[in-house]
Amino acid sequence: MRKVVLTVKEDHKYQVIQQVVNERKNRCRASIELNLSLRQIDRLIIKYRTKGKSSFVHGNTGKKPQNKISTKQINRIIKLYETDYQGFNISHFYEFLLSREGIQVSESTLRRILRTHRVLSPKAHHNTKRQIRKELKLKEQRQALSKRDEKTLQVVEPVEAIKAHPSRARKKFAGELIQMDASVELWFGNTKTYLHAAIDDYSGAIVGAYFDTEETLNAYYQVMAQILTSFGIPYEILTDRRTVFNSNKKADSPTKENPLTQFGYACKSLGTKLSVTSIPQTKGRIERLFETLQSRLLNELKLANTTTIEQANDFLNPFVKEFNQKFALPIKINTSGFDKQLTSSEIDQILITTRERSISSGHTVKLNNQEYQLFESDKLVCLKPRTKVLIVKTLTGKLYATTDADQIFDLHPLADHDLVSPAFEVIIEKPSNMAPKNKKPKASMNHPWRRANYRDYLRTIGYSEKGANHMAYEI
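Once you know that position 3 of the sequence shown is 36 in my numbering, the rest is easy, because the numbers rise by one and skip nothing.
Rather than coming from a laboratory, the hints here were simulated on the basis of the structure.
There is no bait here: all hints are sound.
Dumping the calculated BS3-like pairs for lysine-lysine here, alpha-carbon to alpha-carbon at most 27 Å:
| # | residue 1 | residue 2 |
| --- | --- | --- |
| 1 | K112 | K180 |
| 2 | K172 | K184 |
| 3 | K184 | K156 |
| 4 | K431 | K417 |
| 5 | K162 | K112 |
| 6 | K80 | K96 |
| 7 | K421 | K431 |
| 8 | K58 | K84 |
| 9 | K373 | K431 |
| 10 | K301 | K365 |
| 11 | K86 | K58 |
| 12 | K184 | K170 |
| 13 | K112 | K167 |
| 14 | K170 | K180 |
| 15 | K399 | K431 |
| 16 | K96 | K86 |
| 17 | K335 | K156 |
| 18 | K184 | K335 |
| 19 | K306 | K373 |
| 20 | K301 | K373 |
| 21 | K42 | K58 |
| 22 | K204 | K306 |
| 23 | K354 | K335 |
| 24 | K184 | K162 |
| 25 | K301 | K426 |
| 26 | K354 | K204 |
| 27 | K167 | K184 |
| 28 | K80 | K46 |
| 29 | K97 | K42 |
| 30 | K359 | K335 |
| 31 | K96 | K36 |
| 32 | K36 | K80 |
| 33 | K373 | K426 |
| 34 | K80 | K42 |
| 35 | K426 | K306 |
| 36 | K306 | K205 |
| 37 | K84 | K42 |
| 38 | K205 | K365 |
The structure displayed is predicted, hence computed values, not measured ones.
Sequences are here, hints too, so could you generate the full structure?
See the structure below:
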């Protein structure tokens, strides 16, 4: 005869019904003790009299659950996490299991499987690491550890002490504060690259991102262009105390703050406040963003077989959209602190780099070992030698020269040899009915190309006109 084994709850129910059948308790008392209706008590009495003790065993006892994951499936999940998805955090791995691998499993079950097999997430909390370390130490005393357990123990052995970083409330409006920084990492391939990014403090949305080989002014300009195009002009930008934003303070500078550079001049033209800090915790949003991107973006670039910067920058656009939909608050226009969105031509005129040069005796200016001639409406202009001009390079690479009289000239490189020989080649004249070229922007009173405004800006930050070349970046 098979032995009937009951759980504590089932045995309690059996004992109460047995007492009712033996007339040691009445039905009402049993109903109160078992928290069941009288009708249920009657049914249990009938079961007891017909089948005895075995009728109190739950019907699913000993049966395999239909939703139980097979051992083969568990081994596949662990193998995927240790090979193709190595370095993914569990939440990120769970998303790809559903979308890419087609494995239907809940996130809590996935965490339980990995925890049971001592597979640790790179984002595991300190408390989790301490608990796993304690479990492995006890297991090590009783028996030899497996290779996976030994590997996990090496990871959790040096657990850092808990550090205190007081939190700060987010800003009330979108665009009120943008945090901007760059992170160097082996994002793709075998060469380290720099990811320049900006995050909105209110919503936590990535508002701009761009890859470059170095941390450059041009890369930050590309991020700024994305912000101005998609959202508008922010109220304040918080960055590192890098030379891209903040150059060395001069001893005779009348300002308390360090003088700002070309990026600062662009922010001044936009009316955006630029703040710098050397404390990472002050801009904790962008630092935390890079920690998340180093876990998610790096692994997704690897899955996409990304090898070049062009491919990486193309990959950023859909990735940022998906990231913001998952993790960021929506930015509402009626409660946004962003000012008007700018057109591409307006952005091209504001995100500029400048250099001051003098007209040579040949009526040219020299820039980066290349001589340029000044043109106005396709006509060569010869300014007086030693005339000071401000060379402007726009975000798209166009070169212009401006004077104190607010004249704007195109710069054309001076060729070493003539492109056409009138003596040996036939020159085809352009038809007179050709559409006129777009007019150059007129230098208004607050235009960033006005040389007078640029000189005033240098004076306010403690620079003389003579020292302007030390502040400006090479074009």
